[in-house]
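Please assemble the complex out of the two chains, which come individually in their own frames, going by the hints.
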Amino acid sequence: MSKELINKLSSPSETGRLVIVGGGPAGLAAAAKARAEGAKDIVIIERDVRLGGILNQCVHSGFGLHMFGQELTGPEYASRLEKEAAGITALTSVTVLNVTPSLEVECVSEEGIFTVRADAVILACGCRERPRGAIGIPGARCAGVYTAGTAQKLINISGIMPGRKFFILGSGDIGLIMARRAILQGGEVLGVAEIMPFSSGLKRNIAQCLDDYGVPLMLSHTVTDIREKGGRLCGVTVSRVDEKLSPVPGTERYFECDTLLLSVGLLPEVELLRAAGAEIDPVTGGAVVDERMMTTAEGIFCVGNMLHVHDLADYACKEAEECARFAVRYLEGNRGGGEGVKAECRGGVRYTVPQLLLRREEGALSLKLRVGRVAKNVYITASADGEEVYSVFRRVVAPGEMEYLTVPADKASKLRKAERVTVEMKEKK
Amino acid sequence: MKKVFDVIIIGAGVIGCSVASRLSAYKCCIAVLERTHDLSCGASKANSGIVHGGFDAAEGSLKAKFNVLGCAMMEEEAGRLDFPYRRNGSMVLAFGKEEEETLQKLYRRGIKNGAKGLSIISGGEVRALEPNVSPAVTAALYCTSSGITSPYEMTVAYGENAAQNGAEFYFDSAVTKITREGKNFLLTTQSGEKYIARAVVNCAGVHADDVCRAYEGEGEKISFTITPRRGEYILLDKTEGGKVNATLFHTPTAMGKGILVTPTVHGNLLLGPTADDIGDKEDADTTSSGGERVLAGAKKSVPSILPKTAITRFSGVRAHPSSEDFIIGRAFEGWYNLAGIESPGLTCAPALGKYMAQMIAADYNFEEDKDYIAERKGIRAFAAMSYEERERAIAENPLYGKIVCRCEQVTEAEIVQSIRRPLGARDMDGVKRRTRAGMGRCQSGFCMPKVAEIIARELNIDINEVTKFGGASYMTEGYIDE
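Protein sequence lines correspond, in order, to chains A and B.
Note that numbering that gives the first Met the number 0 numbers the first sequence so that position 247 is 246, with each residue one more than the last.
Note that numbering that gives the first Met the number 0 numbers the second sequence so that position 120 is 119, with each residue one more than the last.
If we strip away everything but chain B, and leave its shape as in the complex, we get (with noise of 0.2 Å):
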């Protein structure tokens, strides 16, 4: 008899994830099943990591709910789950009149949604917080509540909290085909392996819609469509970070959203993102004229901005839903959607796993699991330790002392537990989002070979096997004299 899960939930991004955390929490019997290779590899990996306020969305809509929960929740789950996390507040910048209208009216809708730390304020007040700021700007929509992140830390902590209350994931498991079996949905994945549940929950990001799709029959009747719209991002060094404090928007108009610049939780700036609908779900290029516009957008709210301090650029590939507010819910008897959650997707998602396992819960009636820990601690990260945690960390573990990733200052005790963990990292990007060696001002040029040997050694395979994210994404080709 094949082991029937209580619930499969697909994908494992940060929903997924944050779903997956939340429903650990009762009773039941979980597995998350996640095309690519490791946690947070979809857009989760790669957006703004912004806390948002709430004021943006519109009024009544599923995205300004969960905004203002999610907003309120996340320093709790920080705190919890061990991810970054800093309330820098944010700016919304107007450059002229028209602008400073459009600031009035998202101040409304704030207030209207009940985002918390709202303020309009001049041209001056926000020079005088910011100095960097452009002498254009007029006002500012001001809003002490929001807050910085890193996604990919916070859905690893999701991830590993659901997985140490019992979760199970698996990986590089496409789910291609889904049936009925009795009352039961029976999964195929792209490798043939089937899986068998109660309920389906798809967290699937920008393949929401083929996940819908790839339930014969019954799937048809969810109409929405999935479009991928891609957001390109430059990364400066963190000789920049302190350009600014808060995260600066650009007044929405019919245009976009605009560039943001926004300091990160480890200390570089982010500048981004495009907004551009492409044809392909997987197509996560950079390209020359994304670039330009990021950092002509950049520039107009930060003219100091130095291009040569770039260190990466990267893009990400948002879920926008045809029908422009999150799908939340129960479709039908056993099957939920939680698709097109695209910005502000990161700030709602804890309130969107908690909503959601309750939501499961009560369906199923699960009992609440009285061993259920609440509480995941994350790797300590030498950086982050006072001069006798370093000591103390040296002196229970040696490789505490051995640097690899001399930009971050990531030490081999680091990387060694983010391989060695549940859900532990099996490639070098894995590593990278778990301890950030490689992702500094060097990106890798360095460490990578002691770090492909660390991997090397951990999972007991050939260097040569080790890959950058899974799939035929080798790093190197075989050895020398072969």
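Bound-form chain A, shown alone (with noise of 0.2 Å):
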């Protein structure tokens, strides 16, 4: 990174400049839409050490049936990511360390502390997983814990196995591929324990990955205790859990092996929303949005999982193309507007993004939310002010699949013009 380019971007841009943070899926599908769609002045920030983000990790295929219409491996979908967005600055090994209000972007690397003076940001930086601590599972404080993103890390970049016997807790997507990785590099997985009585991983990857290899999937189960020997795992015990989600006396059963992989759920990374002062939905664990997937801080988008945690990069990448857009509206001055109508989640319906619907905008409009239970024949609705405007039919639905609604642009209005709005799941009489 020259001197010149940073003293560039600490002065303001004579055609707004848009700084994208996160150069993963979401940042790179962000930056590629905006700069199609006119912006000329577009900067990603990086902290690792090449574009791609996560990708770069996700050896397995499955990537990019959506964008790009075929069946690709996270680095191929990486890079064909990148070549999309070819051309635009990125600065990579650049780790930004706060927003502030007046959009100014700070970043260190090992050449300094620099500012990168923005008018518009749109934050993309991902999630994290939920560690060991976050669920308490009871027992020693031993090696050989991982979490299943960070076990993929070991063997796929550092080419290193985290252990050679495994067993695994939460049925999330990673824990799934990651079953099938360490059965591939000649390990053993004993089993997928998930407490809930159905799994939160996509259906294909229980059939590829668990399935395929005769990994039994326990439903109503979870760890117990963990045993170690000389600082190192060497068992787990799995029970069955009640109702309640309490464990069951009597019906332990005890695995010896010495990793424990967790894919127990993904939360946004949402430091930096923090910092600048946006309001987090304590639901999703994102920033709430408005229909721009504008934040509450001024100037500021959210995108990808760190706006809410997606079933596929894909969807992520949708989302982030849409953000874009409204980004450069913003960036060409069409500012304000922010008035709006918060949507209140009702009767299994957890959260929608956007959370606000603003009086302003037209046309149709995309909602995306999650439901807290496994429903079959259920209507999904929208109301304006008590009166049912809108109304979708589903034969299932998950809380481990996204729903993704589009309201047409007549019953649309009605919702943005509305004093309140309500979503709600009904069954079907």
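Keep in mind the hints are simulated off the structure, nothing from the lab.
Warning: the hint list may mix true and false statements.
As the list claims (entries may be wrong) - Here are the simulated EDC-like pairs of lysine to aspartate or glutamate, each with C-alpha atoms no more than 20 Å apart in a straight line:
| # | chain 1 | residue 1 | chain 2 | residue 2 |
| --- | --- | --- | --- | --- |
| 1 | B | Lys242 | A | Glu278 |
| 2 | B | Lys449 | A | Asp280 |
| 3 | B | Lys307 | A | Glu270 |
| 4 | B | Lys26 | B | Asp171 |
| 5 | A | Lys2 | B | Glu395 |
| 6 | A | Lys2 | B | Glu291 |
| 7 | A | Lys164 | B | Asp171 |
| 8 | A | Lys164 | B | Glu464 |
| 9 | A | Lys2 | B | Glu387 |
| 10 | A | Lys164 | B | Glu476 |
| 11 | B | Lys298 | B | Asp279 |
| 12 | A | Lys228 | B | Glu217 |
| 13 | A | Lys7 | B | Glu390 |
| 14 | A | Lys228 | B | Glu167 |
| 15 | B | Lys307 | A | Glu278 |
| 16 | B | Lys256 | B | Glu281 |
| 17 | A | Lys228 | B | Glu291 |
| 18 | A | Lys243 | B | Glu395 |
| 19 | B | Lys280 | A | Glu227 |
| 20 | B | Lys449 | A | Asp47 |
| 21 | A | Lys416 | A | Glu360 |
| 22 | A | Lys228 | B | Glu390 |
| 23 | B | Lys280 | A | Asp224 |
| 24 | A | Lys228 | B | Glu464 |
| 25 | A | Lys228 | B | Asp279 |
| 26 | B | Lys242 | A | Glu109 |
| 27 | B | Lys307 | A | Asp280 |
What you are looking at is a predicted structure, and each value in this text was computed from that prediction instead of being measured.
Given below as structure tokens:
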């Protein structure tokens, strides 16, 4: 990174500068789209040595069907996205420490501390995995307990096996993927325990990563003890849980293994949002955004897994592209218009993104949401001041699968103008 | 001829290191034998980190005496040795009339003990100072002289100060046998190494009674036992650290001292501990019942605590002595005990170290060492630097611009220093305690591979040899395709 570039970025931009924090799939997709929409001065800032984010460690295939119409591995997908964003200024090995309300992006690298002046910021910092402490697994505090993503990085980036004989807690997608990965690398996977009566992972991953390799999926089970020998894990106890998710005494089974992988949920990495004073949604753990995906901090947008955790990288990219259009509009001077109505979630709907509908917006409304339980034959409805204006039928909904709704323009308009908007799930009578 | 140490200290916890640091101000030859892989691996690494005011211990007890002395010394010690300390004050919360009476007793006891800054305040005054405290609180004993510190950083500070003044440290050196060799003591460790000393200071924490028993013949004369008493904790994210300012205790009852809620010096919120007597001195497991009791107790004081903001759980095994009070002093010629140092032991550590060093120096006529270096500087943390300091730090050492642990903003420069310093870190937990890399909300999920790589590079070992805390606690198993 040259002094000249740093000087340029520290000065105001003539055309309006869009700074994208995070060079993973969402960040790259946002950058490419913003350029296509006419942004002239775009800067991507990435803390890792290379762009691509977590895709780099996802050597399995299954990416890109929606974005590129073909099945790609993570690194292939990353390079496609990088190609689309080729020529855009990208700073790597640079960590953003802070984004101020006046859109100064404070950075640090081996070359020093510097500030990039932005006219709009898209935050695309991804998410992190919930660690052992967040779910409080009792037992020994030894080596050999890893989140699935850390294990994935060790195997696929560092070329190191975290262990040989694995047990996996949580049926999140990364856990399922790592079950297969460990087996392909000569490891043994004794089982996957899931505390809920259903899996939070994609069906195709259960089939391709567990069933194909004969790895048992133990629903309504959890790890209730961890044993160690000399400081390294040597086994785990797994118990069945009741409807209240409490372990049932007498159902304990001991599995001798050297590693416990955790795939027990992802949380948006929102520290920069907090520092910028943006509101956080207690349900998603990510930002509260309006239809433009602008946070409650003016000029700061948020997309991808930092906004809410997605099922597929493709969906995160689509969301980022949508956001890029609004960010470019914002750069062009289309400011203000943040007044709107917050969608209230009820009856099994946990959250919606966006949370805030804008009075001023027009056209169809795309709404993403998650439900809290598995349900069959349901309607998801949206009501304006108590009157149902939109309804869509679903044969089956599950917490592991995000729902994507498109509310037509006329109906969306009613919602946007309402005093009160409620989104809920109703059983078919 | 084998080297004869003037003093051998057994145990590199906060007490052993404090004694070593103070004793290193005299012209004498010191060794510290530690059974684990690093400094601060027993109770010193897993306790509440509270600097107590001194109203809790019984009047006239050693606990009371050294508590008040230690509390008064702490600010100066923290400045001299560069470890974190903040006087945030504490409150003993009363829920109703009966507990308010206990507060009065504690207040009177505190005054007699010489504790500073005590007052009884009403429930309304409590909530004016601490808005998140339960509406059920009717009064509190407020103590403005109490504070918080980082117990493991304090221990490392004492240890490093001792080392910079010439004390020698030997790790993985559990003392298994002690015999006489003339007037001297001959100490044999687990690996068969032998050390000779004129004097022995037993700071072996939960193993202090075992060390006495290892002294064949005469050890039997020392009749105390140590019961391992486990305390479990839950640490919450920094988002919760502002929930309280003071350290909040329950009023002690016949059922125990209750659960405290405290901010940590690093801005997290700490809840705990339980107090369970257990059979195994090494059993620092966490349990689900322990976790539930901690949460229930903490919520009694601060109802808005969110369990889902927990980032880790841990437990420490405290050394509870059969005598109830600390066991301090010369047991017989050449043998000194600092045993049963349970709470408020951390607060007492500076005073105990000073007291014991003076006693030994007097017994052996050690001269003061004019070259003694009283000050110790810690690793400069990037996270705590101003803009200008950061600029200068990176210009001097570009590794200060490489953030390795994103949650705690720890740079590669700090991690490298933590390994290269005297008594440097040699494992993941050692780096974590010295730099905070891996202490944050992701609990090393992101930085673990990089930290392991740096440790391997700096120690010139294979990455698969890197451990969590020594022994066989290997982080990884081997390269793929092997």
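Against the structure, the hints come out as follows:
For a cut-off of 20 Å, the pair hint linking B:Lys242 to A:Glu278 stands: about 18 Å separates their Cα positions. Proximity of B:Lys449 to A:Asp280 is assessed by CA-CA distance (about 32 Å); at most 20 Å being required, the pair is judged violated. This hinted pair checks out: B:Lys307 and A:Glu270 have alpha carbons roughly 17 Å apart, not beyond 20 Å. For the hint pairing B:Lys26 with B:Asp171, the CA-to-CA distance comes to about 27 Å; that exceeds 20 Å, so the pair is violated.
Between the alpha carbons of A:Lys2 and B:Glu395 the distance comes to roughly 17 Å, so the proposed pair stays at or under 20 Å and holds. Using a Cα cut-off of 20 Å, the hinted pair A:Lys2 and B:Glu291 is violated, with the two alpha carbons roughly 55 Å apart. Taken as a hint, the A:Lys164 and B:Asp171 pair is broken in the structure, with Cα atoms around 29 Å apart against an allowance of 20 Å. With a CA separation close to 18 Å, the supplied pair A:Lys164 and B:Glu464 stays within the 20 Å bound.
Taking the CA atoms of A:Lys2 and B:Glu387, the gap is near 18 Å; set against the 20 Å cutoff, the hint holds. For the proposed pair A:Lys164 and B:Glu476, the alpha carbon gap of about 10 Å is at most 20 Å, so the pair holds. For the given pair, B:Lys298 sits about 30 Å from B:Asp279 by alpha-carbon distance, which is inconsistent with the 20 Å threshold. Restraint check for A:Lys228 and B:Glu217: the C-alpha separation of about 34 Å exceeds 20 Å, so the hint is violated.
For a cut-off of 20 Å, the pair hint linking A:Lys7 to B:Glu390 stands: about 19 Å separates their Cα positions. Note on A:Lys228 and B:Glu167: the hinted pairing is violated, with a Cα-Cα distance of about 30 Å set against a maximum of 20 Å. Straight-line distance between C-alpha atoms of B:Lys307 and A:Glu278 comes to about 18 Å, which keeps the hinted pair within the 20 Å bound. Restraint check for B:Lys256 and B:Glu281: the C-alpha separation of about 23 Å exceeds 20 Å, so the hint is violated.
A C-alpha spacing of about 26 Å is found between A:Lys228 and B:Glu291, which places the hinted pair above 20 Å, so the restraint is violated. With a C-alpha separation of about 57 Å, the suggested pair A:Lys243 and B:Glu395 falls outside the 20 Å cut-off, and the hint is violated. Restraint check for B:Lys280 and A:Glu227: the C-alpha separation of about 15 Å stays at or below 20 Å, so the hint holds. For the hint pairing B:Lys449 with A:Asp47, the CA-to-CA distance comes to about 12 Å; that is within 20 Å, so the pair holds.
Under the criterion of a C-alpha separation no larger than 20 Å, the hint pairing A:Lys416 with A:Glu360 is consistent with the structure, at around 10 Å. Taking the CA atoms of A:Lys228 and B:Glu390, the gap is near 46 Å; set against the 20 Å cutoff, the hint is violated. Distance check on the hinted pair: B:Lys280 and A:Asp224 sit about 19 Å apart at the alpha-carbon level, within 20 Å; holds. The hinted pair formed by A:Lys228 and B:Glu464 meets the criterion: a straight-line CA distance of about 16 Å does not exceed 20 Å.
For the given pair, A:Lys228 sits about 15 Å from B:Asp279 by alpha-carbon distance, which is consistent with the 20 Å threshold. Distance check on the hinted pair: B:Lys242 and A:Glu109 sit about 36 Å apart at the alpha-carbon level, beyond 20 Å; violated. Taking the CA atoms of B:Lys307 and A:Asp280, the gap is about 14 Å. The hint holds against a cut of 20 Å.
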